[in-house]
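Using the numbering used here, the first residue of the sequence shown is number 9, and each one after it goes up by one.
These aren't lab readings, by the way, just hints derived from the structure by calculation.
Treat the hints loosely; a few may be bogus.
Derived BS3-like pairs (lysine-lysine); straight-line CA-CA distance at most 27 Å [to be verified]:
(1) K205 - K123
(2) K417 - K449
(3) K417 - K334
(4) K417 - K503
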Amino acid sequence: MSETTRGKPRHRRRSTTALAVGVPLALTAAGVLLVGADAQREAAAAEAPAWATATADGFASVSSLGQNGTYGGRGGPVVTVRTLADLEKYATAEGPYVIVVAGTITMSPAGKEIKVRSDKTIVGSGTSGHIVGGGFFLGPGVHNVIIRNLTIRDAYQGVWNDKEHDYDAIQLDGAHHVWIDHNDLRHMADGLIDVRKDSTNVTVSWNRLSDNNKTFGIGWTENVRTDITIHHNWIRETEQRNPSTDNAAHAHLYNNFLEDTPGTAITSSYGNYSRGKTKMVLENSYFQGVDNPVIKDATASVVQRGNVFSGTSGRNESGGTAFDPKAYYDYTLDKAADVPALLKSAAGPRGSIGTTPAAITAAATTLTVAKDGSGQYSTVQAAVNAVPANNPARVVIAVKPGTYRETVKVPSNKPHVTIQGTGAGRRDTVIVYNNASGTPKPGGGTYGTGGSATVAVEADDFQARNLTVANDFDEKANQHLSGHQAVALRTAADKVFLDGVIVEGDQDTLLLDTAAKDRLGRVYMTNSYVTGNVDFVFGRATAVIDRSVITLKKRWDGTSAGYVTAPSTAANRKGILITNSAITGDVSDRSFYLGRPWHAGGDATLDPQTTVRNTTLSAAIRTAPWTDMSGFSWKDDRFAEYRNTGPGAGAASSGRPHLTDSQAADQEVADWLGGWTPTAS
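Just need the whole structure built from these sequences, with the hints factored in.
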């Protein structure tokens, strides 16, 4: 808007025990946050939390080799570790332990792999458990080990196809009954996971594997003994071994998502590879952009069922006979089409997870964003992308403090999203960008006013709180551009709740719109701040700004002149209501209008409305606070005040209409919201 225009018996079913990763309050009270003999005794005496008793599914659940399933350190002491010395002490100790990693532990020397002994659960506390520069080694005969909810990363030594540094995230040489679940494994010198030398009864599930050359190798033996289940893993931006499965007796792969993102330096050589005498069953997986997605040796078998291949090329092979996984354990397949969204949302470390797809989907209500890599995602948009389409329940995107220079769009098929800053105040978490209406787009043309938004919300039942959304387009430095409208936040949805936010810009800061002219779009903003100068609260939404501060800002050239609102309300709808608030700013007296009518596209059927009531007005407000726009008179539309105070308030007159008490009784917040009660969630 411009200033003027705008084959074996079944043994064990998969567990449904929940895993709430972290140190429970009961254990905290019991003093288990410290390691050592006292803590061990207290932990052993304490009732084990649910995540300490979780057991594996898949082949790791099958009774064999004298081990009846995989349950890790269940029944042993629960210890929390924050140092390499403590982690190594308990991982290499005799007997069962549940070891909670509650922070970042850097391996020394680089590439160190802790030699884990049997009967251990090693689990990250929430998303905070990071192992940097090394990993874990499970040698011959080691069994009953669970590794969950950890980020293991950054042993890379600068050589892509590194033959000198065998630095793996997790290496198994002759181990059995191992469950690797809900981890984030990336950027290592050699493999992310190696299952070698007759290791068997292994389940690898719900992991994120990325940014690596050799992802996941299985075999390194002439024997055909390995039984392995690989399900619900997101494998992306990796070159080879995705996985490479050599001489596996039974390899069951299902519901995995293999993704090769175009335009990056990493290109897949192949996807799932069945080598030697492997018998592989491959079900309901999704392959996106992968070269040679499924390949097999002449001596190997691959039985495919229900897989999706999108943008793939090269070899996609099947043949031979395999086995029936349900002869060994029960499992449930998710639809292949749902796999990308499901894994983007639920794979990797989590604060609270279960052991079934249904439990994971239900628990996937909080996604964390952090620039420093300590969250699940490093950008807000990546977290939004991970929200499943048409999600039925609230998803909270918790954004850690920092400045996120990006644009964010919440599309209409992702309702019930909350973006929430986790800092102490609104300014600790900032989402900012600098597009303007006249900014050239990479593909040609310009963004236009609506397209300039830093954050665009098109999904109903959206909430934002405790953060700043800004557009820092520099008008002075871009006078050569035509179109300086620069939106910070655009909403085009119903039931939008903005609670405790700052929205900053210059011209057209806050666009409160609807999905279409005939669609209702209610917005409720409270306990918030809006800053701008020209038409900086505008659009056709039914919008309430309540108990907030509207700050007037000088123009790019230092002058004081502007307009607070520019409603484009459809007839028979409510427009913009400012109530119980303050309008102020370091600008000249009598230099700002409260509003003017925006008949978008010259639409004379519109009936713009702004009501400002019970609000403190600074002296910056003109004595005649409404004005015309683009040939449309404000007097033909709906502009009024009621019981405002402050030096900018004035008596009723023909140029300054006031509501009567009876009129004001019909222009309360509840009248605008029309039966909707905004509730923080």
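- Looking back at the hints listed earlier, which ones does the structure fail to meet? Per hint list: single violation, 3.
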